[in-house]
Amino acid sequence: MGSRNDKVTLITGASRGIGRATACLLAADGGRLALGGRNMDSLAETARRVQEAGGEPLVLALDVTSDESVAAAVAAVMEKWGRIDHLVNNAGMTRDSLLMRTRSEDFAAVMDTNLGGVYRVSKAVVPRMLKARTGRMVNLSSVIGETGNPGQTTYAASKAAIIGFTRSLAREIASRGITVNCVAPGLIETEMTTAMPVAARDDLLSRIPLGRPGSPDDVAGAIRFLLSEQAGYITGSVIRVNGGLYM
Numbered sequence: 001m002g003s004r005n006d007k008v009t010l011i012t013g014a015s016r017g018i019g020r021a022t023a024c025l026l027a028a029d030g031g032r033l034a035l036g037g038r039n040m041d042s043l044a045e046t047a048r049r050v051q052e053a054g055g056e057p058l059v060l061a062l063d064v065t066s067d068e069s070v071a072a073a074v075a076a077v078m079e080k081w082g083r084i085d086h087l088v089n090n091a092g093m094t095r096d097s098l099l100m101r102t103r104s105e106d107f108a109a110v111m112d113t114n115l116g117g118v119y120r121v122s123k124a125v126v127p128r129m130l131k132a133r134t135g136r137m138v139n140l141s142s143v144i145g146e147t148g149n150p151g152q153t154t155y156a157a158s159k160a161a162i163i164g165f166t167r168s169l170a171r172e173i174a175s176r177g178i179t180v181n182c183v184a185p186g187l188i189e190t191e192m193t194t195a196m197p198v199a200a201r202d203d204l205l206s207r208i209p210l211g212r213p214g215s216p217d218d219v220a221g222a223i224r225f226l227l228s229e230q231a232g233y234i235t236g237s238v239i240r241v242n243g244g245l246y247m
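Residue numbers for the sequence shown follow the working numbering, beginning at 1 and rising by one.
The set of hints was computed from the structure by calculation and includes no laboratory data. There could be a bad hint or two in this list.
Said to hold, decoys possible - Label pairs and their in silico Cβ distance ranges:
id	residue 1	residue 2	range
1	Asp6	Asp203	14 to 24 Å
2	Gly236	Ala75	37 to 47 Å
3	Gly82	Ala199	45 to 55 Å
4	Asn149	Asp217	19 to 29 Å
5	Ala28	Tyr246	22 to 32 Å
6	Ala200	Lys80	19 to 29 Å
7	Gly236	Ala132	17 to 27 Å
8	Ala28	Pro150	19 to 29 Å
Stated by the list, open to error - Keeping only pairs whose Cα atoms sit at most 16 Å apart, straight-line, the calculated EDC-like set for lysine to aspartate or glutamate is:
id	residue 1	residue 2
9	Lys7	Glu172
10	Lys7	Asp85
11	Lys80	Glu56
12	Lys7	Asp29
13	Lys131	Asp106
14	Lys123	Glu68
15	Lys123	Glu56
Cβ atoms here follow ideal geometry from the backbone N, Cα and C, with glycine treated the same way.
Modelling step: build the complete structure from the supplied sequences, incorporating the hints.
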């Protein structure tokens, strides 16, 4: 696929799971990785793995629900490397419950993190890409954003909205040579999915034609491709990494 060498990639939610796997995979290409998140101990571990893989890490205290935190993180990347070539909007959360049991504050928290985070970080980074007339963005949605799932109305709404955001932004900035795409994972072995109720997890697993859950590396591979030169004619697309759960 080819190395990106010194490309600068900002990854939100880089402290674990898909974010960490993506950082380590890009590090193997010799990339410069700005690692954003709130758990500094976990981010330090990601940074250690990035260095071992051959990348150059920058650890950022980043709360995607805060305009000030986002601005400070982007400024830190610009100060160190002078540009942001790639953005991976991966930060996310869930507070699953049936609609009638969902508290307003839980709905607001999920939407502000999952959708609001994509909005804030994209808005802060896009001007740099517009000036450079090049860039790659990948936003993390979910199979649940396309299919829905009982007990996940809030999470599904946030992830479906990310797809709409991605397609609209792709149209807005394509003329400047910037691509914007989505990756929609299915059942992936992360802390978020292992916390699912056993019955719900087993039901999802039974509907996967490949017969197994995916790994964070499976998703990271799709993200890496969308950031690559080989994906330069792909924008506004949703790449499904779900083992056939939804086609």
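Hints, one by one, checked against the model:
At about 45 Å, the CB distance of Asp6 to Asp203 disagrees with the hint of 14 to 24 Å. Taking the beta carbon of each, Gly236 and Ala75 are about 29 Å apart, not inside 37 to 47 Å as hinted. For Gly82 and Ala199, the Cβ-Cβ distance of about 51 Å falls inside the hinted range of 45 to 55 Å, so the restraint holds. Here the CB-CB span from Asn149 to Asp217 is close to 24 Å, well matched to the stated 19 to 29 Å.
Between Ala28 and Tyr246 the CB atoms are about 30 Å apart, so this pair conforms to the stated range of 22 to 32 Å. For Ala200 and Lys80, the hinted distance range of 19 to 29 Å is not satisfied, since their beta carbons lie about 42 Å from each other. In this structure the supplied range 17 to 27 Å holds for Gly236 paired with Ala132, their Cβ-Cβ distance being about 20 Å. In this structure, Ala28 and Pro150 break the distance hint of 19 to 29 Å, their C-beta atoms being roughly 39 Å apart.
For the hint pairing Lys7 with Glu172, the CA-to-CA distance comes to about 23 Å; that exceeds 16 Å, so the pair is violated. Taken as a hint, the Lys7 and Asp85 pair is honoured in the structure, with Cα atoms around 6 Å apart against an allowance of 16 Å. Among the hinted pairs, Lys80 with Glu56 is consistent with the structure: their alpha-carbon atoms are about 11 Å apart, no more than 16 Å. The hinted pair formed by Lys7 and Asp29 meets the criterion: a straight-line CA distance of about 9 Å does not exceed 16 Å.
Only pairs whose Cα atoms come within 16 Å are accepted, and Lys131 paired with Asp106 is rejected, the gap being roughly 37 Å. Restraint check: the Cα-Cα separation between Lys123 and Glu68 comes to about 13 Å, which is no more than 16 Å; the hinted pair holds. With a C-alpha separation of about 25 Å, the suggested pair Lys123 and Glu56 falls outside the 16 Å cut-off, and the hint is violated.
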